[in-house]
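Modelling step: build the complete structure from the supplied sequences, incorporating the hints.
This is what each chain is made of:
Protein chains: 2
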Amino acid sequence: MTKKYQTHATATKFCRLWIAAIFTIILAADYASAKGVRSLDIASFGVQAGQKTDATPAVRAALEQCRKEKVPRLIFSPGRYDFWPDQAFEKYLFVSNNDEGIKRIAFPLVGFDGIEVDGRGATFVLHGFLMPFLVEHSRNVRLKNLTIDYARTFHSEGKVLAVSKTGVDLEISDDYPYEIRNGVIVFTDGKKDDDPKTSVRSKEVVYPYGMLLAFDPKRRETAYMAQDRFGLESGVAAQAIGPRKVHLSIEQVSATVDDILVFGPSHRDIPGFVISESAKVTLSSVTLYHAGGMGVIAQRSRDIELENVRVTPQPGGKRIVSATADATHFVNCTGKIQMCDCLFENQKDDATNIHGLYARITGKPAPDKITVQLMHPQQAGIDFILPGMRLEIVDGPSLTQRGEATVRAVQRINKEYMLVTVTAPLPLQVQTGDCVADADANTADVVIRNCTIRNNRARGILLGSRGKIVVEGNTFHSPGTAILFEGDGRFWFEQAGVRDVTIRGNTFDNCNFGVWGNACIGVGSGISPECRKTSRYNRNILIENNFFRVFGPQTVLGIYSVDGLTFRNNRIEKTNAYPPRPGQAPTPFDIVDSDNVHIDPADQLLISQLPK
Amino acid sequence: MTKKYQTHATATKFCRLWIAAIFTIILAADYASAKGVRSLDIASFGVQAGQKTDATPAVRAALEQCRKEKVPRLIFSPGRYDFWPDQAFEKYLFVSNNDEGIKRIAFPLVGFDGIEVDGRGATFVLHGFLMPFLVEHSRNVRLKNLTIDYARTFHSEGKVLAVSKTGVDLEISDDYPYEIRNGVIVFTDGKKDDDPKTSVRSKEVVYPYGMLLAFDPKRRETAYMAQDRFGLESGVAAQAIGPRKVHLSIEQVSATVDDILVFGPSHRDIPGFVISESAKVTLSSVTLYHAGGMGVIAQRSRDIELENVRVTPQPGGKRIVSATADATHFVNCTGKIQMCDCLFENQKDDATNIHGLYARITGKPAPDKITVQLMHPQQAGIDFILPGMRLEIVDGPSLTQRGEATVRAVQRINKEYMLVTVTAPLPLQVQTGDCVADADANTADVVIRNCTIRNNRARGILLGSRGKIVVEGNTFHSPGTAILFEGDGRFWFEQAGVRDVTIRGNTFDNCNFGVWGNACIGVGSGISPECRKTSRYNRNILIENNFFRVFGPQTVLGIYSVDGLTFRNNRIEKTNAYPPRPGQAPTPFDIVDSDNVHIDPADQLLISQLPK
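From first to last, the protein sequence lines are chains S and Z. In terms of this note's numbering, the first sequence opens at residue 1 and continues consecutively. In terms of this note's numbering, the second sequence opens at residue 1 and continues consecutively.
Treat the hints with care, since some could be wrong.
Each pair may be met inside one copy or between any two copies, as identical chains are not told apart.
What the hints assert, rightly or not - Here are the simulated DSSO-like cross-link-like pairs (lysine-lysine), alpha carbons at most 30 angstroms apart as the crow flies:
#, residue 1, residue 2
1, Lys468, Lys280
2, Lys318, Lys52
3, Lys192, Lys364
4, Lys415, Lys203
5, Lys191, Lys91
Bear in mind the hints are in silico, worked out from the structure with no lab data behind them. Small disclaimer: the values here were computed from a predicted structure and weren't measured.
Structure below.
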């Protein structure tokens, strides 16, 4: 019997190999080493879906061949491919609003002109500190029909069993391996570290955390009015209180029993898609279940299109968080930014933020020279000031323009500081504390259409591009402000100041159930209060034909320092989705220090007639 | 009176300025912008000793001028100069046996041929994460008459008040600012972090720790038989028990009341002097009070001389630790290594270690191709395998030679892995798990003469160079083995295997009062026990005219796998310096699996006649 089975097994094995060979030939039919090949199949590099071996070297080799031989397409088959960092391409990256460092990258698309990666329904499961996609110094890049997930997430989740004055009791599932080590909770990858402990760094993989936030497991969104707890980078004292149960010795955590408490990572080291100094990049039918940083971050790039991109937790209900920072983010981008039919939910920060960069003037050693500092630690190394560039110079607190200058030369001091020489003496009023930006970046025309944005930490979309912006047909269910006009030269150093915005036909579905703002559409806190009277940073905003569903007295529109805003033909409905927010009832239209603001009397009437 | 005093003060001030001006002129007398200048004085760059402003930009500008105009000397004046990292030169460095990363560097000596930095008695006080000296791709470099210290050390120290089963009570002085944060002890620079806590990394400076070790405050050395406590990188739970008093909730710490417990940093990010791919580098009359890593680390360099280099804690008794890792370390060096009249004390690891690098063969994809991994995380990125190089190939566990090969090409996969093609098919027996080394590096002739080595963690000197080694006239008071022959292809991946060593006229003064070895002169644990019978890794060692002072039954010489050793004309004396080491009394000569070992009968007799 055994013998027969073996024979059968051998025959089956032979048969399988034969089928595999035929398949390989069929799949790789259009592959050849000669030039002019239109497509490579990863199968011809020895990698099959479902194989559970490391696909990284094959993908690296395939992409290298695509680049060298100008093959414009790399295809996969439906099913799962696994990726480990060991053999991955490596590069030190400065990624705006994420963390710099040496990254290992599964799909390094560097220096391409014309490449499509078509997953054809494939799921890429990454292990450890490995970044999925880098698109750098490339153009005409299309990534489509693929899903990205991680075997172990960069964040961890636990169910709240009890909350007391002295701490929180949690139950933590097997999906989030941890240890209590020297009285401190440490998240790991669950692999036993058998190496002897020595005076040098261990190779053990730990998942450092830096913050806590409670989510509501029934609504699957941030818990009602839950507050962030930051500053945990050095660890939290903890005691084991049962199998996979711990007591965190941390006071005043904003959570209630049955909430899911999320340990957010202390870093943004592993964003999903980094697009840098590239043009014409499209993500189409791409699903991102997780990232250890932002989902998609594009910097100093042109013409970025996201179509049916879904940032959403892995199905099955084991996780409540998708990406651990913003779903998308665009810095100093030009041309077009388009996001259509996308889903951005449950990520640990905003759905998008489109802005430029300000750097602070720290000295004026000569009439034509300024020293400049990239102030935000996650902007360091983004050397955006280049010879020939037109600089916009603004007053730091008010963001009002002080003048312009053209760069003659830049001397880099280090990743934070540079010495900039301009072509003519600077206006006398330019001084230390002022900010400079690239006057011609952050000018993309933006379309955000038919997207669903919900359940994530913080805000919906932050608009700061100077181009034409259209936001239409979207549904927002954001715990903070759904649409925010930000920008400041004091804290985040994000250049903004819109010029032409249309917000049309959107549904604002019970937003502001959290602590990150209190208006459905608002202006952020970037401009110094004493300067708001004169500053008119944001301009020409049209808000029409939208539908606001609000669960209590709420600010529909909260703005300051705006010049030109029309609010018309909007509908509003009262709901009982949440208890009213604590504190004084706000005014529906909170408009100060602004010019040319027109609220349609019909809209105003509708709002005033809402049931209390 | 006030008026008069003011006038007097003004006159004095004028006088001082005038004197300063004259001095500046005198000191900078040989400075001019024309070519042919022989010396630059830092004073001519606007920096005076005692000024307490940041000397970093001036030093950077001065060195840049030296390099560009081939000025061979930069001088300072006696007194204190302060350095901050803000404006410093920056470079990503891979430093063997230290930690890689972007470093800020006060004295960047990159690409120099012929430069002397003469401190003339100056003390350089560094603030924060700033590395003092980098010598890279340079030759004929002389650094002299200078002292380096840090305003805040990378390690922290506390006085033990009590030791119990549940933990340790400590008193921590103002020199080591700390906080108890979320129940975890966190060391800081004492500056208040006023920035709002957010979802991005803070700029706060913290001093992460990873290990504990007790020191004896009376003897000012590692406490008798104290053991390292590693693995604290994720923090230690702690409670405040009084002003600057804390209870650490950590069991079984090896310390007693009144000991000084040292929190060693979790990194080796900031070594003192990094010498990389350079030749003819001399440090003369240099004092290093502190470093956040090794004191002097030279890699892939030639002809390094240390003369009157002192690694020692800052005077005044406020600190018990000097550098936080080895005092010196030499990796793949050639030519000469000379250390004369040096003092290496109280550093947190060995006084020196001279070795090569092994990388592990992880695959053999073709008869002439191997994939190779740099295994030790602190060797990653040291791309020592280059085309044309002669490779030594050894069996991993035994270190016996398997063959040689010459490199044709190297394809770097990332900082850990490479694909190496050799010029001819490899011997068949070469297999995965074997190790490769540069056969022509780690060949320096070594002289260590008239040095004092004492009170530091671990061993004295680790000898692994294949060149001629002379160790004479030194005094060792090491808690572990004073002179160790190491090397392994399994854990540290340090290539060693001496060929010609003379150990003559040294004093071994009550060594082995700690846990890091049990012989005055010994062979380390690198070769796999089952291979020791046949391996003869270390060869030709002469030990003569030394003076051994031992405090109890002790192994004077503990060796295995040695071919050729003579021990003659040595003196020995019994002391009562410490209690006998716990455990079974060792044999004075512990010699196994070795050939051609000659112990002079007179020496043997002397040792046998020692009082018990």
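In rising order, the numbers of the hints this structure does not comply with: Per hint list: zero violations.
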